[in-house]
Amino acid sequence: AQSVTQPDARVTVSEGASLQLRCKYSYFGTPYLFWYVQYPRQGLQLLLKYYPGDPVVQGVNGFEAEFSKSNSSFHLRKASVHWSDWAVYFCAVSSITGNTGKLIFGLGTTLQVQP
Amino acid sequence: EAGVTQSPRYAVLQEGQAVSFWCDPISGHDTLYWYQQPRDQGPQLLVYFRDEAVIDNSQLPSDRFSAVRPKGTNSTLKIQSAKQGDTATYLCASSLGCSGNTLYFGEGSRLIVV
Numbered sequence: 001a002q003s004v005t006q007p008d009a010r011v012t013v014s015e016g017a018s019l020q021l022r023c024k025y026s027y028f029g030t031p032y033l034f035w036y037v038q039y040p041r042q043g044l045q046l047l048l049k050y051y052p053g054d055p056v057v058q059g060v061n062g063f064e065a066e067f068s069k070s071n072s073s074f075h076l077r078k079a080s081v082h083w084s085d086w087a088v089y090f091c092a093v094s095s096i097t098g099n100t101g102k103l104i105f106g107l108g109t110t111l112q113v114q115p
Numbered sequence: 001e002a003g004v005t006q007s008p009r010y011a012v013l014q015e016g017q018a019v020s021f022w023c024d025p026i027s028g029h030d031t032l033y034w035y036q037q038p039r040d041q042g043p044q045l046l047v048y049f050r051d052e053a054v055i056d057n058s059q060l061p062s063d064r065f066s067a068v069r070p071k072g073t074n075s076t077l078k079i080q081s082a083k084q085g086d087t088a089t090y091l092c093a094s095s096l097g098c099s100g101n102t103l104y105f106g107e108g109s110r111l112i113v114v
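Line by line, the protein sequences give chains A and B.
Numbered according to this note's numbering, the first sequence spans residues 1 to 115.
Numbered according to this note's numbering, the second sequence spans residues 1 to 114.
Please keep in mind that the hints were generated in silico from the structure rather than gathered at the bench.
This structure is a prediction, so every number in the text was calculated from the model and none was measured.
A hint or two may mislead.
To be verified - Coverage of chain B stretches by chain A, computed from C-beta distances (three or more under 8 Å per stretch; other residues unrestricted): (1) 36-49; (2) 105-113.
Unchecked claim - Negatives, chain A to chain B, calculated, CB over 12 Å: (3) V11; (4) Q45; (5) W86; (6) Q114.
Glycine included, each C-beta is placed from N, C-alpha and C at the ideal position.
Please work from the sequences and hints to get the whole structure.
As structure tokens, then:
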């Protein structure tokens, strides 16, 4: 069965520091993978998505993620964090087959940014 | 282009009461999803539609939850006889149906059952 694990419930970084949020997925084959961000009292917004191809995916606001089939991972990175990045980040997986489009989400990682 | 619109934004119920949530997807999107997001958790799929047809409702508690999309556009999610465990944010999303396409989410309807 498809599943996503985000092992860190909360990550705290200093403004200007680099960031990595971890995501591990379980899927037979190669899936589509997504990172969404949720700001307080708002819906989820897409940061980036992976389709089979280049393992490094660029997203909005300086975010990028790297797909690793051998590690079943899709970690999110940013070189320099800004205070406005304080939010909850969700990794999600979707099936390539079946034309469904539905997403399976992880529990999320809350990013806190210290001044 | 208008995004996904949901209403009401908030609802507070006593146990046993009923509530309906309404969703207006992005124009032209054939696929509509309802997710339940308990506090401090990720969204969990309840049901989704392709046009007016239910594609998957296996995670919908069918004894008290129902969802319809009669004309393949707007959708209503109804909870009858609400329980405290239903306290969550209910998110609606829409997409063009093919696998891998982006889901666009509304701001959600936050339900508190006391």
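For each hint, the structure was consulted:
1. 36-49: Holds, because 7 residues of the segment 36-49 of chain B bring their Cβ atoms closer than 8 Å to Cβ atoms of chain A.
2. 105-113: n = 4 at 8 Å, threshold three: holds.
3. V11: 15 Å, holds
4. Q45: 7 Å, violated
5. W86: About 16 Å separates W86(A) from the closest Cβ of chain B, which puts it past 12 Å; holds.
6. Q114: Nearest chain B Cβ is 21 Å from Q114(A), so the label holds.
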